[in-house]
Amino acid sequence: AQKVTQAQTEISVVEKEDVTLDCVYETRDTTYYLFWYKQPPSGELVFLIRRNSFDEQNEISGRYSWNFQKSTSSFNFTITASQVVDSAVYFCALSAPSGTYKYIFGTGTRLKVLA
Amino acid sequence: SQTIHQWPATLVQPVGSPLSLECTVEGTSNPNLYWYRQAAGRGLQLLFYSVGIGQISSEVPQNLSASRPQDRQFILSSKKLLLSDSGFYLCAWSVLSENQPQHFGDGTRLSIL
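Chains as they are written, first to last, in the working numbering: chain S, 1117 to 1231; chain B, 11 to 123.
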């Protein structure tokens, strides 16, 4: 069965601290995709990144970086020098088996960045 | 560029009343369309998805239904709302190819009184 686990329900950090959001997934597929989304207080989900199972290179985009490790089935998200605007709920998601067009979402991690 | 519109943004309805939430996508053809519900402080629950006009897949049995009367229009309905239908409803689209990102609308906050 496919599953995405975000064990951290809520994290609080002080502004300028680095923070890592964990995502562990389970799948039997050899080809799959992983995603991260941000949900700010306004509610809409904002797509951040997609990573396919064949690309284990880490990715950096400004203060955001992602660490994909197939050996541990993890796709962790790090925010460097956090800012108050980073406060949001972050969701990790996994593409479901071929032909279903669905995602499996984790339960989300609420990040609070305190000024 | 592609955009997704979802309305209304907020809705307060009495128990037993009907519901119609609408979602439209612009700037793309034949998208996959999705309806999710998010209870307060909770994760996303996939309710329905559609890969084409008139094609609806239901994920969770409940008193909600979905329809796709046009290629880029997705409607979530109910004949009689329950208190448990309260939540934040999100519509999303993706290109027809698999494993592409889903892009979400701004959501509808539904409160049932």
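The set of hints was computed from the structure by calculation and includes no laboratory data. Hints may contain errors.
[As the list claims (entries may be wrong)] Some, not all, of what chain S presents toward chain B, calculated at C-beta under 7 Å:
| hint | residue |
| --- | --- |
| 1 | Gly1159 |
| 2 | Glu1160 |
| 3 | Leu1164 |
| 4 | Tyr1180 |
| 5 | Trp1182 |
| 6 | Phe1184 |
| 7 | Ser1211 |
| 8 | Gly1224 |
Note that the Cβ used here is the ideal one computed from N, Cα and C, for glycine as well.
### Task
Against chain B, run the beta carbon of Ser1211 of chain S and see if the smallest gap drops under 7 Å.
holds (5 Å)
### Query
Given Leu1164 of chain S was flagged as interface, is its beta-carbon under 7 Å from a beta-carbon of chain B?
Result: violated, 9 Å to nearest chain B Cβ.
#### Entry: Hint check, Glu1160 of chain S versus chain B [nearest Cβ-Cβ separation less than 7 Å]
holds (5 Å)
### Message
Min Cβ distance, Gly1224 of chain S to chain B: is it shorter than 7 Å?
### Response
Hint on Gly1224 of chain S: holds, closest Cβ of chain B at ~5 Å, below 7 Å.
### Hint check: 7 Å Cβ-Cβ cutoff, Phe1184 of chain S to chain B
Interface hint status for Phe1184 of chain S: violated (15 Å vs cutoff 7 Å).
### Task
For the hint on Gly1159 of chain S, just tell me whether its beta-carbon gets within less than 7 Å of chain B.
holds (4 Å)
### Hint check, Trp1182 of chain S versus chain B [nearest Cβ-Cβ separation less than 7 Å]
This hint is violated: Trp1182 of chain S lies away from chain B, its Cβ roughly 14 Å from the closest one there, beyond 7 Å.
### Query
Hint check: is the beta carbon of Tyr1180 of chain S less than 7 Å from a beta carbon of chain B?
violated (16 Å)
Hints 3, 4, 5 and 6 from the earlier list are contradicted by this structure; the remaining hints agree with it.
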